[in-house]
Amino acid sequence: MITLNNISTISDLRFKTKKVINKAAISPVFLFNRSTPTSVIISFEKYQEMTDALEDYYLSLKAEDYEKENKDQIKWISHKEIKKHV
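1 is the number of the first residue of the sequence shown in this note's numbering; add one for each residue after it.
Because the hints were derived from the structure by calculation, they are not lab data. A few of these clues could be false.
[Stated by the list, open to error] With a straight-line cut-off of 25 Å between C-alpha atoms, the simulated SDA-like cross-links for lysine to any residue are:
1) Lys84 - Gln73
2) Lys16 - Asn6
3) Lys71 - Leu59
4) Lys19 - Thr9
Make the full structure from the sequences, and use the hints.
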């Protein structure tokens, strides 16, 4: 949610970089250019959390698709065959 506390301008980013980065460590900072929202700055930790959550969601969708597949049409490889190649 955009509030006055988490808004910065492009000029703030240019001239008060450290302050903007410190604000982003606490919560997302919305950058405005001429009163128009242009970007969001988030901490690296928050970025990692978001990408991990997105990856988990993507993998859960793939798992759901796999569960829906007809397993009779899949060519299974035996454990012995796998051990030959390892």
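Comparing the hints with the structure gives:
Between the alpha carbons of Lys84 and Gln73 the distance comes to roughly 24 Å, so the proposed pair stays at or under 25 Å and holds. Pair hint Lys16 plus Asn6 holds up; C-alpha atoms about 14 Å apart against a cutoff of 25 Å. Straight-line distance between C-alpha atoms of Lys71 and Leu59 comes to about 19 Å, which keeps the hinted pair within the 25 Å bound. A hinted pair counts as satisfied when its Cα atoms are at most 25 Å apart, and Lys19 with Thr9 qualifies at roughly 12 Å.
The structure is consistent with each of the numbered hints, conforming to all of them.
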